Amino acid sequence: MTWTRRHLLDIESLSSDEILAVLDTARAFKAVGERTIKKVPALRGKTVVLLFVEPSTRTRISFELASQRLSADIINFSAEVSSLRKGETLKDTARNLEALNADFIIIRHRAAGASHFLARVLNASVINAGDGAHEHPTQALLDLFTIREKKSKIAGLNVTILGDVLYSRVARSNIWALTKLGARVTLCGPPTLVPRVFEQMGCRVTYRVEEAIAGADIINLLRIQHERQRQTMFPSLAEYADLFGLNKDRLARAKPDVTIMHPGPINRGVEIDSDVADGDRSVILEQVTNGLAVRMAVLFLVNGGIIPQEAPGNS
Amino acid sequence: MTWTRRHLLDIESLSSDEILAVLDTARAFKAVGERTIKKVPALRGKTVVLLFVEPSTRTRISFELASQRLSADIINFSAEVSSLRKGETLKDTARNLEALNADFIIIRHRAAGASHFLARVLNASVINAGDGAHEHPTQALLDLFTIREKKSKIAGLNVTILGDVLYSRVARSNIWALTKLGARVTLCGPPTLVPRVFEQMGCRVTYRVEEAIAGADIINLLRIQHERQRQTMFPSLAEYADLFGLNKDRLARAKPDVTIMHPGPINRGVEIDSDVADGDRSVILEQVTNGLAVRMAVLFLVNGGIIPQEAPGNS
Amino acid sequence: MTWTRRHLLDIESLSSDEILAVLDTARAFKAVGERTIKKVPALRGKTVVLLFVEPSTRTRISFELASQRLSADIINFSAEVSSLRKGETLKDTARNLEALNADFIIIRHRAAGASHFLARVLNASVINAGDGAHEHPTQALLDLFTIREKKSKIAGLNVTILGDVLYSRVARSNIWALTKLGARVTLCGPPTLVPRVFEQMGCRVTYRVEEAIAGADIINLLRIQHERQRQTMFPSLAEYADLFGLNKDRLARAKPDVTIMHPGPINRGVEIDSDVADGDRSVILEQVTNGLAVRMAVLFLVNGGIIPQEAPGNS
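Protein chains in written order, with my numbering: chain A, 1 to 315; chain B, 1 to 315; chain C, 1 to 315.
Note that these hints are calculated values from the structure, not bench results.
One or more of the hints may lead you astray.
Since copy identity is lost for identical chains, a pair holds within one copy or between any two.
Below are the EDC-like pairs computed for lysine to aspartate or glutamate, each with C-alpha atoms no more than 16 Å apart in a straight line [claimed, not checked]:
(1) LYS91 x ASP275
(2) LYS180 x GLU199
(3) LYS255 x ASP280
(4) LYS180 x GLU18
(5) LYS91 x ASP278
These numbers were taken from a predicted model, which means no experiment stands behind them.
Next comes chain A alone, as it looks inside the complex:
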């Protein structure tokens, strides 16, 4: 296939072929990260703006390194110390950045749809790095990349997403991506955080954690997001850990080759115990490594790059 999109705004509108195209391209870029000189000239002389209106060190650093390794020039624009503070609108801020010949705007924003809005008003390529509780497409792509790397396939797998699904853009993007590629998705967590309405996205919903764990090929744990919950959705962190936290006992009832994932940063002792997080079924750190490769692939493709058959040449 040929990649034709100039933006990456969500998973919902991608075809399964497009998702696979990103994964194939990311495989080539992962090899770049293992070289001594981790750099290719694909975006030399291009300008990437990291417009992080909602702060996020991890995702910002991953995109920043991805841009550096593609040899782009980078501008960090964080909301705290900016003209957005002086009352400028997001549209004006973005158009000003574009007027500086920015080629890529990577945006994280509290409002769902912020990246779609920018894509309509800008000529630059827009990449969604998380918009409210809506989508976080590169996280889903790196999760799928990791799953395919571990299981050599995605179709037919049983994937359980466990935790705060309601407020999670990671969950939404994962559900879209997994169902498009033929995985069976089970959602589990406290009823207040996993409403039945998600069944309409093609998922199974269960509130019994044992049921969610048994038979799962993949368990993807979500971070308990204190900061995004406007009211208390469960009595306490201790009770959450007790009822839904993944610990050694619960893991013993899962398939022996289950893969444990988490988008990070992890709350040790809350949604995951340390012996599980650091155990041999956990691929949490590999997800971080793969995230860099996936983000390089996305930047490369929206820039008009050709899906590579092998690792890109050195710069």
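Chain A is fixed; fit chains B and C onto it per the hints.
Here is chains B and C on its own, set in the frame of chain A:
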């Protein structure tokens, strides 16, 4: 002519030939921004320090991108998290930065004269990115670049500067530049913000906005700077908009080919209405693009670059 | 000798040959800083993470420039706006950074031993940029580099360290380095800040400033660190200046060729008077320049670089 200055501290001390030299050089660098690879090697291996004691995202990013596109290494030094906070003097901070072999110090500071002070105590090239209410020379240069691009000349034009002139370094630098190049400058705004003393700089001062608009080839709107006014100079933003804001009705009484400028960030509905800001006479975003080219030109010239006859070669 | 360490964590564990290897390598890199193109390709395609959990503009900028001049890619990770804030542990943060293929982690942290801890859990090279009141090895190395440059030797010199020794990692690293290379170290300051226990490190301790100054070849002044003292250790800054501050009168009783050092930022009028700080015996700004060269040398060596016989080739 040959450029001989090592610093760019103000417009007041520049000759009209020097101003034109920057504009000519900027024209060549504007072409660089339109290429696929927006980069030239002119400052490779040189170090640019962005010493922004007074915060400013827009101007900082413009200088940072200008430095990147000239292939310089860049150090961001902001006052919030620095040794200036520990009581170090500006002189000591700057001499320490110079001791790191900094080649360029680009300074924004609340105190008028801060860049002149640094130029006296340092060997590095100093560029004034705004000092108190004194001068903001690169803003004036980008404004003149934009005017010349639109009107093919500067001499003989009627330029109206409308708004908070008293506290505006943009106004001061523009007045110097425009009068040196033969434009006629009219200042307008509330009497508290446009004192008659500006007539001594060769300007016409009027408090009747209709008079200021009629016959103007250029209307340069100034941002209402709440942060820099120590006392309230006018009753309310709504009253300011009512009396001096540029709206469709007022614009209808201007020359049909009037050009509308604003240094940004704009206060929509205060000094400018959205239909004017986004209308076809507005060049506000082109000013941003031109600012980058002008700042590349300034860095290039103070580094000893030769005024180019055409676009600089690619890196 | 051959350099074999992958980390630089402290001075205590270095041999005198290793210290000299850094100084020899730094001499070659100092020459790079004097060129027009201050850049070598030694770390091209490598990633340096500046993990400054305790803020420090000066040291951060010195390491950042050192990395840039070696052509590395750089990620700034400061604690204020990071996942460390969300309760992530230092170990998790560091392992996440390593998962992004970081080659070097340069860490400043409030806790003594933080860099040793990271070196045990990471594969990346770890460089200690200051850990609590424990060590600040690159500061000691740049101090020794400066001393050797001024005096052409270190063995046999009388070096006085004057000030807040108790809370000073600079003092500890200097004491280790100086005694390993055969200098005689005298410590002086208020008794609350210079406990007798330092005699066990091979130093002379005196509370009479005249005695500390007389006969010294080098006087290394320490900054009065208000922020790190949990209780007031001396009555007032004025009294400290009166009793221990280095002024013209005290300097008159020192050897005519004494060299005055200070790690910066200086408190003018407290531990040092302006006429001494800016006088011809002061090498305070040369220390800054040398710090850059020493940090380039350290990065180069832990990366497996060969101790050069002359200046490294241009990139």
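Hints, verified against the model:
no., hint, in the structure
1, LYS91 x ASP275, "between (46 Å within a copy, 15 Å between copies)"
2, LYS180 x GLU199, "within (15 Å within a copy, 70 Å between copies)"
3, LYS255 x ASP280, "within (13 Å within a copy, 65 Å between copies)"
4, LYS180 x GLU18, "within (11 Å within a copy, 58 Å between copies)"
5, LYS91 x ASP278, "between (43 Å within a copy, 12 Å between copies)"
Hint compliance for this structure: every hint is met.
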